[in-house]
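A.B. asks: Here's the letter readout for the chains.
There are 4 protein chains.
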Amino acid sequence: MLVLRDSAEFVESLKDGRTVYFKGRRIEDVTTDAFCKTVVAHLGLEFDIPENPRYRDLVTFTPDGKTSYSRYFKLPENSDDLLKRSQIIDLGTRLANTVVLLIKEIGTDCLFTLNIVSKQMDKQLHTDYFNKVKRYHDYCMKNDLAMAVAQTDVKGDRSLGPSEQEHEDYYVRIVDEKSDGIVVRGAKAHTSYGPFANEIMVIPTRALSEKDRQYAVAFAVPANTKGLKMIMSPFGGTTSSEFHNPISSQHHMVESVTIFDDVFVPWDRVFMKGETQFAGSIALTFVQYHRFTAISYKAPILDLLVGAGISMAQMNGIVGASHARNKIAELIRYAETVKGLTKQSALNCRIVEGLAVPDPVYSNIAKWHFASNYHKHVALVQDLTGGLTVTGPSEEDLRSPETGPNLRKYLGAKKGVGAENRLRMINLVRDLTASDFGGYNEILQIHAEGSVEASKLTLLREYDAGKCVDFARKIARISSVAE
Amino acid sequence: MLVLRDSAEFVESLKDGRTVYFKGRRIEDVTTDAFCKTVVAHLGLEFDIPENPRYRDLVTFTPDGKTSYSRYFKLPENSDDLLKRSQIIDLGTRLANTVVLLIKEIGTDCLFTLNIVSKQMDKQLHTDYFNKVKRYHDYCMKNDLAMAVAQTDVKGDRSLGPSEQEHEDYYVRIVDEKSDGIVVRGAKAHTSYGPFANEIMVIPTRALSEKDRQYAVAFAVPANTKGLKMIMSPFGGTTSSEFHNPISSQHHMVESVTIFDDVFVPWDRVFMKGETQFAGSIALTFVQYHRFTAISYKAPILDLLVGAGISMAQMNGIVGASHARNKIAELIRYAETVKGLTKQSALNCRIVEGLAVPDPVYSNIAKWHFASNYHKHVALVQDLTGGLTVTGPSEEDLRSPETGPNLRKYLGAKKGVGAENRLRMINLVRDLTASDFGGYNEILQIHAEGSVEASKLTLLREYDAGKCVDFARKIARISSVAE
Amino acid sequence: MLVLRDSAEFVESLKDGRTVYFKGRRIEDVTTDAFCKTVVAHLGLEFDIPENPRYRDLVTFTPDGKTSYSRYFKLPENSDDLLKRSQIIDLGTRLANTVVLLIKEIGTDCLFTLNIVSKQMDKQLHTDYFNKVKRYHDYCMKNDLAMAVAQTDVKGDRSLGPSEQEHEDYYVRIVDEKSDGIVVRGAKAHTSYGPFANEIMVIPTRALSEKDRQYAVAFAVPANTKGLKMIMSPFGGTTSSEFHNPISSQHHMVESVTIFDDVFVPWDRVFMKGETQFAGSIALTFVQYHRFTAISYKAPILDLLVGAGISMAQMNGIVGASHARNKIAELIRYAETVKGLTKQSALNCRIVEGLAVPDPVYSNIAKWHFASNYHKHVALVQDLTGGLTVTGPSEEDLRSPETGPNLRKYLGAKKGVGAENRLRMINLVRDLTASDFGGYNEILQIHAEGSVEASKLTLLREYDAGKCVDFARKIARISSVAE
Amino acid sequence: MLVLRDSAEFVESLKDGRTVYFKGRRIEDVTTDAFCKTVVAHLGLEFDIPENPRYRDLVTFTPDGKTSYSRYFKLPENSDDLLKRSQIIDLGTRLANTVVLLIKEIGTDCLFTLNIVSKQMDKQLHTDYFNKVKRYHDYCMKNDLAMAVAQTDVKGDRSLGPSEQEHEDYYVRIVDEKSDGIVVRGAKAHTSYGPFANEIMVIPTRALSEKDRQYAVAFAVPANTKGLKMIMSPFGGTTSSEFHNPISSQHHMVESVTIFDDVFVPWDRVFMKGETQFAGSIALTFVQYHRFTAISYKAPILDLLVGAGISMAQMNGIVGASHARNKIAELIRYAETVKGLTKQSALNCRIVEGLAVPDPVYSNIAKWHFASNYHKHVALVQDLTGGLTVTGPSEEDLRSPETGPNLRKYLGAKKGVGAENRLRMINLVRDLTASDFGGYNEILQIHAEGSVEASKLTLLREYDAGKCVDFARKIARISSVAE
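Chains Y, U, G and R are the protein sequences, given in the same order.
The first sequence runs 62 to 544 under the numbering used here.
The second sequence runs 62 to 544 under the numbering used here.
The third sequence runs 62 to 544 under the numbering used here.
The fourth sequence runs 62 to 544 under the numbering used here.
Chain Y extracted, bound-state conformation:
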């Protein structure tokens, strides 16, 4: 038996009275609004994939041998589970033409995290979080829910901690405690797909000190919960033509500022309440899973940069030129370095509380390598493509009887390519790298799933440098030294 919703069921589930704003107005129904419809159609892909027999085995799992669920919900136990998880993230993103779907990925990153940290808390503090987490996990799995995670607080002055800000609400906090639950207030930035999820999960964004007790809170609420407002960002998307924007006219990633205006959360959905000493554990464990998700969904865009770069070099007749060959080799090297290190992260996983956690050394190096080299490789593709990327004509000019014949004659490039094919590939490059969507991609690569600085910190913390230091001392013939 397959316990999976189809895309129609997913769409239907979004008609629940949620409070979403866009460009200054309230969106009554995200499934009918012109802009949101494109996002919903894009996300529907996630639910269509298991329908395809070609993919079904990969994207589902059958814990009891009878009932099958989305594989995203499978608690990873070993390298193989992580490799398969990486593959399904890649698959979904590839089918969505490089725009990650993320409504399963990030939520399960968070569920795995809560699974691990709740066990740790229960052990050390004799709390009873693990069972709540388990029930909630089952609930999401059995209803095949779409999930968003609101983690990054709006932060105010970033040089100050939660308690030191101009006002108390720069980090989400507990403002009241009742017999049946808690009341939370604050705002989270950058919530991916929040307005299109069934569940919004909330976790701390950083380690907290004792005085930040009210900020140590983790919970989940349905998207239509009272007091929850989501203000969608208008940037990075477009509703222009498929010809001009072959990707972004069909696929949107959407973020919101997510506001908790004194939202009530019942006890069974509260996964942390004041345990400041574990806030950092949640933030860090989540990051271990989430950066692995991040590097897994980069594979399609990496392949596309390679493919577009080669295609343009071929079309322009420069594929044999030394400088073009160099650029193509660089693109391949970039793509495969990230992909190879991603696999190493799965293969070198660590077992924590029974769950396989991707190796943070390799995942953070992969992330760092990707993020710190993205713009450089975008430049290579833009270079191979040519200035026509932003000086060329529109589709309408190509179709016009007055200008079309001129353009077809003059923009033909290498024999046999044809102006239309060339402009299509050029448009792909512009859409991907030199447009509102291209700009969105650049910002995403730098900021999503933690900055390069964050990756360096994790790397320094997680790397076993002792063996290297010992090797150096042995060769230097140093017996003992203070550190």
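Take the hints with a grain of salt, since some may be wrong.
Copies of the same chain look alike in the list, so a pair counts if it works inside one copy or between any two.
Here are the simulated DSSO-like cross-link-like pairs (lysine-lysine), alpha carbons at most 30 Å apart as the crow flies [unchecked claim]:
no.: 1; residue 1: LYS127; residue 2: LYS437
no.: 2; residue 1: LYS180; residue 2: LYS470
no.: 3; residue 1: LYS528; residue 2: LYS476
no.: 4; residue 1: LYS203; residue 2: LYS135
no.: 5; residue 1: LYS84; residue 2: LYS98
no.: 6; residue 1: LYS334; residue 2: LYS195
no.: 7; residue 1: LYS195; residue 2: LYS476
no.: 8; residue 1: LYS287; residue 2: LYS184
no.: 9; residue 1: LYS127; residue 2: LYS334
Read the hints as simulated data drawn from the structure, not as lab findings.
In this text the structure is predicted, and so the values were computed from the model without any measurement.
Guided by the hints, dock chains U, G and R onto chain Y, whose structure is given.
C.D. replies: Showing chains U, G and R alone in chain Y's frame:
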């Protein structure tokens, strides 16, 4: 006496029946069309600058002590002329918020080129081009015209020369010669501001061999000449709000594909006809001037990257963080390296046929440095700015009574900054680096005024490596060696 | 039964009358010459490793379940064989303090190559090379021989092919054919450890065209063969003190110019004779194995750069400084990227003629990454170490009663470190990176096992770009196009 | 009249009983010791230059129109003085085959500094330092002395200030004050050419706080002062053959650890005593001059990298290969960027207390650019040179009748070059980049005259970022904001 048009005269001069296409339709009047109006207003700045007493002395010159013209037309005789030229290019671009005006710059780059090469041709071939060039120069200067230069042929298969293409017209060529002039056919790509210029000047894009005689052609025609079609590119611009796009909503650079459909050119406007051996000279001399123009108009965008980067770091409260300080130092280094080398190019100018030509070693190194590092420094600014660049709310959300108070409370960052100021600066960064306009900028930096590969070639050709080789041989104690 | 020689047997085997020159004189016995003795002691490590029970299982294999040989000789059949091979290369190099031993590695790289290509030749040309190769492989294995490979011809003018040179002998060639074998003439450069090997194997260095038939030759000769001269390079080594040069005073890699002065080779040692169409296959297959060897033996030096960098930062008291942390993170990232990609190369191996060949995409990216970033990371370690690296005192000054107490007082750095320990670590860094040996390392990283340009070529040839191009076309909605 | 010593007088002046140690023994006379003799001969060049009529005008100045002194002593008043100073630094270094002479440069950097800061101290504190500095300046100038500057304290734990160290003497300090002067104790590292100078000048290495009063000391002593010990470093030099080490066998830069064992300094040679608030001014002003010296003496090595790179590409027959051309273009770009920015530093000088101070923005960017790219460009030259750099034969092998003919035949490369010429150029590259001396160069580029981190700090402090921030705010339409 000041022989300069004001912006109203400039606008009026564009109502001349020119053939311009945009998004599939013919633009009847570029001064009234909604999109074009913004470009015209932007370019009008060029004509307003001399009206300002603060700038007048800098931007004009008075060859006979009585009549003053735009300084752009001054034939450079020494370093000081080039330094001043660099300053007026910087000034215009700065007043246009980093979007270069270019309707004087590029045309005079071309006039200087023709001035030099016509003298060379006349000397060697006993032609009479120089006097024609001089008359044309005077004509442009005395009428204070806006000029565009159409140089880059559409090229077809770039691995093949003009005569080897699938059809003969991939490079502009002479198709007929009449008693009173020539007839030309072909198309040029990337013509900046062609639809907004009074004059379109055409020169060869590369060195030519003897068999390419029909392609060795240089000339100028008024923008409304019969058979001349300009198809404007729709990319890189926007008509969105000033709040969301503080630069690109006000300033557009526009390129066209410029088609010569059997255009007649009278003899007095023909500056090269079949002299293949000088096609390369024109292309190269033009490039010496034009790359100097290029590096001169980069100064404002370099300063803006520095200023925006620092502002965002201050607003976000991270200006004291080590990683932020590093990024700011990198931005400063980048900006000042390009600016310092630009000055060196003027200071080390060469005198050719009585004209000061910017030193190509320094101008090409400056260009290379700028172009090959632009994306990297964009990434630094994006990094300092934060993810909100593409996940933040719209102006309408900020103004809405329903969401505005929430946003002002939560997006405030460092005390005293305020959400609105922060969003304004964030929007500036997005507009400049992560939008259709930002993409336009990236492509421009890579492709305009010649690629990095072209700069390397020029550098290798122009550098006096002999003194270095001699120094190496002297130290290695090598007396003589075949090369 | 263990069929392995110990180091004494190895040493003994080198007393065979071979013709070796060093600094202008003939070395009568490489086992007694002062400089050569150090090399012999260093290489002896290779034969001592299997004696150590801790390593024996790893470094041997037992094909028939009874007799054990050096694992180097095992024909790799799968990823696991390649991973183990990588481990034993790492182990030997690590025990030799980062200086690769190579007298088993490179010879077996060559044997695997001949194994594959001889099968291909026999299939296509009906020759009988494979059996000869097999017999020779067995001979080397059963006698546990030390092998060198002379591949790189001296090349003359590198822009010309073998037949186009000033004289015919710039590439090793067959000058005569007799009833019992062939006579070869020419010279090979960069032969690693030739003067310390039992066998010298020779293969072509590049693809050859039909007219280069005499250059298509592969063979093996004992090191003391008549007419074989090896001129050892004096560079990169030192005989200075262990304190000043903790690595290079104990471990030397040595290369020679290897001259074949009409050397006779009997038929059973000739593995290619005129089959020009397979010269490229040998060169390329060898490179697949040899670059995998290369990236495998880099792991210890990578770890040492990390370890030395961290140690110096600790000793100098800057380990908490932001810039130092950045440098350490960069070093870790560098090391682990190369190591991770090396493992991927084994894991993605290809099976050719029954043998596992390391994936050339990952091995070449690893090689390229290592080689193109080595100097940069050396600079990071030098930066963390300080100027004292080349301005500090000698061991004699430290031991002198006149200056020792001063130096111990003033060069102490962080409390508890002590001047002597600090100077030891500084000396390690200087020896590794800023000395004759450090210079040797830099050149080695750039040139050994093929240049970065060679890695790019291989990558472009071996990469399956089709899937990326298809992905780009699908998204761009291009159905078919000429290429 | 020319008041300049010749090299014989310089040599004679060094026989003064100074206390110098080298490799564990006291050097009785630095002019006769085998190793030191080479250094003395090298430094003698400085005194031979003015003897050459070709250089005399440049390297001298005549303040009163009658008596001429070394131009080094001229207090710079404007850009032209700084440009000339840069030229004489370049000239001396070039004549010494890239090894800077420095016995005039650094001392006058220090004299200019004391000139400025003494005026500032006198004004603010009503001290009388300026007259002492002036008398000392005249003394050095009129006796044409060789000077060394001991600035960098040994520092101990670099994370701690002078007063916080394990013992009080990690920074040079005043231990006693007498009626006729002060007594100082401590040690300075990296003193260039101390053992070969007439005067040792001492200044603070950093800004100091009030509690560091005893460390705020500046003074000068003759090199043979009692209690002054100099321990010479043995690294970076060689006494090998001119053929193998064409530069380093003839030219040595030498540093010492300089120990002040309770050295007495009379009042007229004390230039700071306890004025902690000006310790930073001295350190910073010195750095402004000294970094300008640094970038000025880099020009010859930059030219040599270009010249050696091109020569090797020519000799190897690869000068037309695309990858080689790229590398050569990179080398030229590197060299000219540093040289161009150096000139800008002089041209943009600031006037402080009547003296021209090189613009720190450009000098620090030039320094940063040089230091952070040196290793990369060394790698390019090594790449163009080939592996033979460390695998080739010795001079003795080339001269030997047994091996010489073989080597001349086989190592010939491009027709007409010849093995000997090629080996000479290869040896130059190895000596310069891949040897003890090459390692010395690498360390020097990173650490001498302040690290890259120090350059960044200076840049951030000295840059007028306000104009950039204002530009960004104007475009973003932000009126006022807290910072």
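A.B. asks: Hint by hint, say whether it matches the structure.
C.D. replies: Hint check results:
1. LYS127 / LYS437: For LYS127 and LYS437, neither the intra-copy (49 Å) nor the inter-copy (52 Å) Cα distance is at most 30 Å.
2. LYS180 / LYS470: Neither. Shortest intra-copy (68 Å) and inter-copy (36 Å) distances fail the 30 Å Cα cut-off.
3. LYS528 / LYS476: Classified as between; 23 Å across copies, 59 Å inside a copy.
4. LYS203 / LYS135: within (12 Å within a copy, 52 Å between copies)
5. LYS84 / LYS98: both (15 Å within a copy, 26 Å between copies)
6. LYS334 / LYS195: This pair counts as within: shortest intra-copy Cα distance 17 Å, inter-copy 71 Å.
7. LYS195 / LYS476: The answer is neither: 61 Å in one copy and 42 Å across copies each exceed 30 Å.
8. LYS287 / LYS184: Close neither inside one copy (34 Å) nor across copies (70 Å); limit 30 Å.
9. LYS127 / LYS334: neither (37 Å within a copy, 64 Å between copies)
In this structure, the hints that do not hold are numbers 1, 2, 7, 8 and 9, in rising order.
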